[in-house]
Amino acid sequence: LAKTTQPISMDSYEGQEVNITCSHNNIATNDYITWYQQFPSQGPRFIIQGYKTKVTNEVASLFIPADRKSSTLSLPRVSLSDTAVYYCLVFLMDSNYQLIWGAGTKLIIKP
Amino acid sequence: EPEVTQTPSHQVTQMGQEVILRCVPISNHLYFYWYRQILGQKVEFLVSFYNNEISEKSEIFDDQFSVERPDGSNFTLKIRSTKLEDSAMYFCASSEAGGRAYEQYFGPGTRLTVT
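From first to last, the protein sequence lines stand for chains D and R.
Take 1 as the starting number for the first sequence in the working numbering and just add one per residue.
Take 1 as the starting number for the second sequence in the working numbering and just add one per residue.
Mixed in with the good hints there might be a few duds.
Claimed, not checked - Subject to a maximum C-alpha distance of 30 Å in a straight line, what follows is the list of computed DSS-like cross-link-like pairs (lysine-lysine):
(1) R:83 <-> D:52
(2) D:106 <-> R:57
(3) R:42 <-> R:83
(4) R:42 <-> R:78
(5) D:69 <-> R:42
(6) D:69 <-> R:57
(7) R:57 <-> D:52
Unchecked claim - Selected chain R positions facing chain D (Cβ under 8 Å, derived; list incomplete):
(8) 43
(9) 45
(10) 55
(11) 91
Note that these hints are calculated values from the structure, not bench results.
Even for Gly, the Cβ is constructed at its ideal location relative to N, Cα and C.
Kindly produce the complete structure, drawing on both the sequences and the hints.
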């Protein structure tokens with residue numbers, strides 16, 4: 001069963017770059033790594049998705065090494081509003097629909 | 001930006017009652033999903049729906065649950081006889097297409113409280 005492991009919590013300060021690393025040792029060869037953000041009492045929100053190497057969008061970058069056994073979400077210059085839970089997700093083996101949700105990383109940004 | 005909407009935002013019901021949670025997916029999306037999140041716990045997949053039929057369901061999605069697309073815009077989750085342990089946030093999501101490369105857009109959720 002493919003699953004992910006990420007730190008339970010992290011702290012950082014406004015203006016800093018935050019890197020959250022996730023391990024997914026058993027990722028399937030056709031699987032993508034997807035990151036979501038969730039604020040309290042809200043639905044998860046897609047941040048970024050990648051298959052290999054580096055992906056960048058307007059909010060984050062995702063670094064995936066060649067072996068794809070881990071990935072790192074990079075949030076540049078965080079602000080207080082980036083305080084949230086961040087989930088690193090892969091799909092259930094042989095499924096095209098079932099994202100596997102772990103506990104996520106609770107990121108707290110301090111002033 | 002288009003978004004998934006859900007109603008009601010909060011539903012209180014008594015044990016044994018039927019509830020219907022409603023969702024309006026993004027209009028050009030073809031795949032629909034329900035998830036639940038018990039307070040303080042992880043998000044759990046319930047079911048995916050495409051072309052008017054269930055494409056996948058989890059072990060949680062037993063005979064007490066059903067989904068329906070009654071018209072061209074709504075997507076509903078029905079719980080026939082609610083139990084205390086059904087209390088949770090229920091999230092609807094939709095995606096443009098199925099498959100691992102497609103982003104799922106989540107609604108704000110319905111908080112279901114079973115008393």
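Between residue 83 of chain R and residue 52 of chain D, is the straight-line Cα distance small enough, at 30 Å or below? Roughly 43 Å between the alpha carbons, so the hint for residue 83 of chain R and residue 52 of chain D is violated.
Holds or violated: are the alpha carbons of residue 69 of chain D and residue 42 of chain R at most 30 Å from each other? holds (22 Å)
Answer holds if the nearest beta-carbon of chain D is closer than 8 Å to that of residue 43 of chain R; otherwise answer violated. holds (4 Å)
Hint check: is the beta carbon of residue 55 of chain R less than 8 Å from a beta carbon of chain D? holds (6 Å)
Classify the hint on residue 91 of chain R as holds or violated, based on whether any CB of chain D lies nearer than 8 Å to its CB. Since chain D brings a Cβ to about 5 Å from residue 91 of chain R, closer than 8 Å, the hint holds.
Should the hint that residue 45 of chain R touches chain D count as held when the rule is a Cβ pair under 8 Å? It holds, given that the least Cβ distance between residue 45 of chain R and chain D is near 5 Å, below 8 Å.
Does residue 57 of chain R pair with residue 52 of chain D here, judged by a C-alpha cut-off of 30 Å? holds (29 Å)
Taking 30 Å as the top limit, are the C-alpha atoms of residue 69 of chain D and residue 57 of chain R close enough? holds (27 Å)
Hinted pair residue 42 of chain R and residue 83 of chain R, Cα distance within 30 Å: holds (19 Å)
Taken at face value, is the distance from the CA of residue 78 of chain R to the CA of residue 42 of chain R at most 30 Å? Answer holds: residue 42 of chain R to residue 78 of chain R is near 21 Å, not above 30 Å.
Below or equal to 30 Å on CA atoms is what counts here, so check residue 106 of chain D against residue 57 of chain R. The given pair, whose Cα atoms are some 28 Å apart, holds under the 30 Å limit.
Consistency with the previously given hints fails for number 1 only.
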